[in-house]
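Chemist: Taken in sequence, the protein lines are chains S and F. Numbering of the first sequence is given in this note's numbering, commencing with residue 1 and proceeding in unit increments. Numbering of the second sequence is given in this note's numbering, commencing with residue 1 and proceeding in unit increments.
These are calculated hints, taken from the structure and not from any lab test. A virtual CB, placed ideally from N, CA and C, is assigned to each residue, including glycine. Mixed in with the good hints there might be a few duds.
[Said to hold, decoys possible] Pair ranges (Cβ atoms, derived): (1) F/D265 / S/T22: 26 to 32 Å; (2) F/G321 / S/A12: 47 to 53 Å; (3) F/Q191 / S/S72: 38 to 44 Å; (4) S/L76 / F/A152: 51 to 57 Å; (5) F/E229 / S/D68: 40 to 46 Å; (6) S/Q20 / F/D253: 46 to 52 Å.
[Said to hold, decoys possible] Incomplete in silico selection of chain F near chain S, CB under 10 Å: (7) P2; (8) V6; (9) V8; (10) R9; (11) T17; (12) A25; (13) A26; (14) E184; (15) I287; (16) E307.
[To be verified] Just so you have them, the derived chain F footprint on chain S, three or more residues with Cβ under 8 Å: (17) 12–22; (18) 33–43; (19) 53–63.
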Amino acid sequence: MAAPTATATLNASTYSSGDQMTLTVTYGDADTRPLTVTIVVTDAQGNSSAPVRVAAVIDPLTVTVTDDSGRSWARLSDNGAVAVYRAVA
Amino acid sequence: MPRVTVTVRDSGGRTATATADYSIAAPVLGGYYLSGGADPTADIAGGNIRSLTQYRSLADGYVFPGYQKQWLTTLGRSGVQVNMVLELKHYGAPNAGPQTFAVDGTSYTVPAPAMTIQQRPGTTWPKAYGYGQVLAGQCDGLLARALSQYRALGFPVNIQLASELDTDHEFGTSEAGRAYTWAESDARAVQAMTYIVNWFRARSLPAGTTFSVGVGGFDRACFQRTHPESLMSRLDHLQWNVYATAANHTALDRFRRTRDWAVADLGPVALSRPVIIAEWGVRVAEIPNQAAWIATVPAAIAKLNAERGPRIVRTNYFNSGWGTLSPKAPGLAALKSAYATRPYV
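Construct the complete structure from the given sequences, taking the supplied hints into account.
Modeler: Here it is as structure tokens:
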């Protein structure tokens, strides 16, 4: 199993009080794989249900953001590779 | 400095962390100057006005706090940040000749100022101590006198060397019978400013003392010439002045102009330095509603400070000359209202 990777980038290094701050997190893991599981139920007489498709992820990742000044960061978006967070300075 | 930490964890408990540091800047200091170097205490009362510009000639025997300016000591000790403009320019009689005086028991003799500046045709050209005189050490007594008084002041200031080098040099200068072009004058000034700041820094200074050189900021080439990295490494602030003098001038455009030249033309040391706007003003002849224009300044400063580049940290309204508030009461009220608005709070 591979270890995950992460980078964190702020849209500025200095903010004025009240500014909107944007944090972009880029992350990944070589093991993480999206896949689709397709299920068909078949009875003893050989009757089959329609296939049902389910999306799943092998070795999913969780992202947590903390701030040692106590500022809270809200997740705006996350596509599985890039997550964007916002806070107020 | 606050730090944000990102942790990415997989299902097996393996993690990766990444960090990003940032800082929250202190509010911009709203500031003021009252015509004639007069006591601004009454004007600034009740407003969030925490910064002042003052002007002194090094020829004057009373530089800190200035002749009959005990109010400056009072304001400074109460926490108002003072941008003290020290000029080689001679403000006129008396003492236009050589001076002999004692500083802390040492006697100094300083020759008469040998340079002319602000050589606008049809005007009387002011005298100033020459850059050559400074580099020859002939003005060390003036520096020693100012330093001795500064040490007794009781609070640190930003020492801004010269008011506006571009205004001083725009029509050339002359010293000891020799004429210098604008560009030559800039180069000589950089040498002299370097000499002066090095002279001060080689001596014990009140903790928190900072330095800058003064420019109006209206000429891009001059601004670049007067801000070489070698000098900026000795200075703590960038500085320029901002005036609205046409009906279509916006606050954002006027505060942005010199800043954009700086970002395009100056080196990383210069751009790491915060900016003092030593003077800003709205000329009533073209912009009768000064109060309305003043009200647009906070948003302009906030926008500029959110952009890449040096941060503006003090803006001192120049209630004199081009910036004269007329009528005064609504202008002053607008200024106080602006300074009660983000990013000034």
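Chemist: Answer holds if the nearest beta-carbon of chain S is closer than 10 Å to that of F/A25; otherwise answer violated.
Modeler: holds, 5 Å
Chemist: Measuring from beta carbon to beta carbon, are F/Q191 and S/S72 in 38 to 44 Å?
Modeler: For S/S72 against F/Q191, whose Cβ atoms are near 53 Å apart, the range 38 to 44 Å is violated.
Chemist: Please test the hint of 40 to 46 Å on the beta carbon pair from F/E229 and S/D68.
Modeler: violated, 34 Å
Chemist: Can we keep the F/A26 interface hint, with Cβ of chain S closer than 10 Å?
Modeler: holds, 9 Å
Chemist: Just to be careful: measuring from the Cβ of F/I287 to every Cβ in chain S, is the smallest value less than 10 Å?
Modeler: Result: violated, 27 Å to nearest chain S Cβ.
Chemist: Close enough to count: is the Cβ of F/V6 nearer than 10 Å to one in chain S?
Modeler: holds, 4 Å
Chemist: Do three or more residues from the segment 12–22 of chain S put their C-beta atoms closer than 8 Å to C-beta atoms of chain F?
Modeler: Since 9 is at least three, the answer is holds.
Chemist: Is the listed coverage of the segment 53–63 of chain S by chain F valid when you require three or more residues with a beta carbon under 8 Å from a beta carbon of that chain?
Modeler: Check passed, 5 qualifying residues.
Chemist: Are at least 3 residues of the segment 33–43 of chain S within less than 8 Å of chain F when you compare beta carbons?
Modeler: Result for this restraint: violated, n = 0.
Chemist: Does the CB of F/T17 sit less than 10 Å away from some CB of chain S?
Modeler: With a closest approach of 7 Å, the F/T17 hint holds.
Chemist: If I claimed the Cβ atoms of F/D265 and S/T22 lie 26 to 32 Å apart, would that claim hold in this structure?
Modeler: Given a distance of about 29 Å, which is inside 26 to 32 Å, the answer is holds.
Chemist: Return the status of the interface hint for F/P2: holds when the least beta-carbon distance to chain S is below 10 Å, violated otherwise.
Modeler: holds, 4 Å
In terms of the numbered hints stated before, the structure departs from hints 2, 3, 5, 6, 14, 15, 18, listed from lowest to highest.
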